[in-house]
Amino acid sequence: MKYLIVPLVLTSLLSSPALSQYGIEGTVIEGTVTTAPDDRPAAAATVRIGSLGIAATVDSAGRYRLVVPDSAVARDPVALSVQLDGYLEAVRTLTVRPGERRAEVFRLQPGAAVVSGRVTNLRGEPEAAVLVRIEALNVGASTGADGAYRLVIPGSRIRPGQPVQITASRAGLAAVLREAALSPGAALTQDFQLGSSVILLEDVVVTGTGGVQVREAPAAAALQSKVAGAMIISDSGEPSASPFIRLRGATSLTDSLGEPLYLIDGMILSASSIDVDALDIESIEVVKGAAAASLYGSRASNGVVQITTRWGNASRYVIGARGGALRWTPDFPWPPPRWTTRHDLPANLLEGSDRTLGGVFGSLRDALIRAGYDEWAVYALGADGFVVVARREVIDESGEPIPPRWEEDDQVGWGEYFRSLVFATPGRYRIVAIVVSPRGVRPGGGAEEEILTQFVVDGSRMLPPEYAGRPLLPGTQYTALIYEFYRRTEDSPTRLVTRSRITSVQHLANAQLWTRQELLRGRQ
Amino acid sequence: MTLRDAQLRLLRIWMLAGGAIILLMTVQGLAGKYDDRWDEAGKWLMSTIFPNLGVIVGAVAYSAQRRPDETAIDTLAFRSAWGISCFYLTIVALVLLIEPLVRTGPLEMMSRANVILAPLQGLVGTALGVFFVSRQPAGQTPAVAASQG
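In order, the protein sequence lines correspond to chains A and B.
If you're matching positions, the first sequence starts at 1 in our numbering and goes up one per residue.
If you're matching positions, the second sequence starts at 1001 in our numbering and goes up one per residue.
Read the hints as simulated data drawn from the structure, not as lab findings.
Think of the CB as a built atom: it goes at the ideal place given N, C-alpha and C, for glycine as much as any other residue.
Treat the hints with care, since some could be wrong.
[As the list claims (entries may be wrong)] Under 10 Å between C-beta atoms, here's a sample of chain B residues computed to sit facing chain A:
| id | residue |
| --- | --- |
| 1 | Leu1024 |
| 2 | Val1027 |
| 3 | Arg1037 |
| 4 | Asp1039 |
| 5 | Asp1074 |
| 6 | Leu1076 |
| 7 | Ser1080 |
| 8 | Leu1096 |
| 9 | Gly1105 |
| 10 | Ser1111 |
[Unchecked claim] From chain B, some residues computed to sit far from chain A (all C-beta separations above 12 Å):
| id | residue |
| --- | --- |
| 11 | Asp1005 |
| 12 | Arg1009 |
| 13 | Tyr1034 |
| 14 | Gly1083 |
| 15 | Leu1107 |
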């Protein structure tokens, strides 16, 4: 008997998980590889396990198959990587077990496009501080002392072969514009040679409504002798000391400085917090007297200096307030991630009587609070728009929120327990983003549920007051982008639903933001 | 306790608990709990239950073909094998029963549980092996062995 038992025990030990991994059976890893954002097969991509020296090529249908020989299987996890030119490498750590058959699906994200080069003058000497930018993509960089520049554009923001215009400009040099085609993952070299440009300073025209044409006027010092009644005063002998400006002399017995009100791209800032690179300034407007007071109130009794930057439409100068401290509101990716469905909201649903961005935000905030949302995030979209991302909610197949709505229910009753014990528990989620902007909305790269959920954490809670006071531009549109995500089982990845049975109106109505009638016809 | 009685007790616990686990996972698989990764769940089930179940069934089947062995057994070895078997089967069952409460995903739970189940299964196999080859010291009757155990 004991002679029979020993082999049986050995067999059980050898087939146990502890020992079965040591080369008893082979392993097959197979799956599909597609590319974002259009989910096309990633033909010719290479799938490899570098540490084992095993690789395979993805076929035209996007399929691959890796066979790991028995002798190569080891205890330690291995890295399964997928590479394709123009796309970011995807790496996944696996524990390979003998005899296992695994399915690993990959979706490659487009790599960043890089534009680099050198800017020189007509003598071939490098030119520093030249601004090289791509206006359409809202990216730019300045050249260094060697005249070199480098622009990095995320792959999700461009489509293959997208035509762009690259501009190089600086005060004293004639701007040069070049046309180029960009693709995700592409590396483009574009050199510029700039000639001199004669600077003509026009008279500074002070107006209460219009802008000032001040060409190439660097910072406060440039206003010296340019604006009638403007005194540029420095209270320190240090060359680098910041000067302050006094318009038309002292205006107060108590305010000895008599500093005017400073605005940068519409934001009111104290002089000490202004830190704008002179080369970033597009124009400076000086408003004095009754015109200033009528526009900005008593704070402008000493006049107003309004600075518009070259990035005036870029969100990096939009300030959000959280926790009492000023901080920059992060950018919202533009174009926005591809959505499940969208709905153009009627203008009268959100616009207030004051027709300002703040009025629209107030209407949105009221709708969110009425619908039960307690978390949202505000992102700047240039100087004339913003995006509000609402919290992720758990929904059912018809788009109705499932209690407790914001997270999976931790309280499990007996019926729910036995149901979950036997059947898979699919998950469906919704994230709503409201875009307020005069620019059209078109889809960008693929949407990841974790990234969109993080948007609610990273953004600001409120629209800054100075930003909120901006008037709505003609053509401002209100677009609700609905992101619906679905996972089949608890082990499945959560994916964006591209074709939903739930319409945009149903989504927004089920989210209780507005009624169906309001969504279709606006406020009556 | 005789060897035959001990074998039957071990067989009973493994058949009942192991059978229930197999039945539950079969129902889950048919109900789509594992979706298209049913083979992964099946492999986990094979490697956790069937090796030791095979040892016991084989031993009992072998004994059934021979004259009943009334030899007294080493009770310590039997209790060790029985206790470790119960503990192991409880852990395996908990992996399936706890999953709806933590909502981690059944395959993820199985993968995590292997950290404990792998060494534990080796221990179970060793305990069973020690039990099956153990015997009471010569000259002892079952009654004496029982009173000492």
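Verification of the supplied hints:
| no. | hint | result |
| --- | --- | --- |
| 1 | Leu1024 | holds (8 Å) |
| 2 | Val1027 | holds (6 Å) |
| 3 | Arg1037 | holds (7 Å) |
| 4 | Asp1039 | holds (6 Å) |
| 5 | Asp1074 | violated (13 Å) |
| 6 | Leu1076 | violated (18 Å) |
| 7 | Ser1080 | violated (14 Å) |
| 8 | Leu1096 | holds (8 Å) |
| 9 | Gly1105 | holds (3 Å) |
| 10 | Ser1111 | holds (8 Å) |
| 11 | Asp1005 | holds (16 Å) |
| 12 | Arg1009 | holds (17 Å) |
| 13 | Tyr1034 | violated (7 Å) |
| 14 | Gly1083 | holds (18 Å) |
| 15 | Leu1107 | violated (5 Å) |
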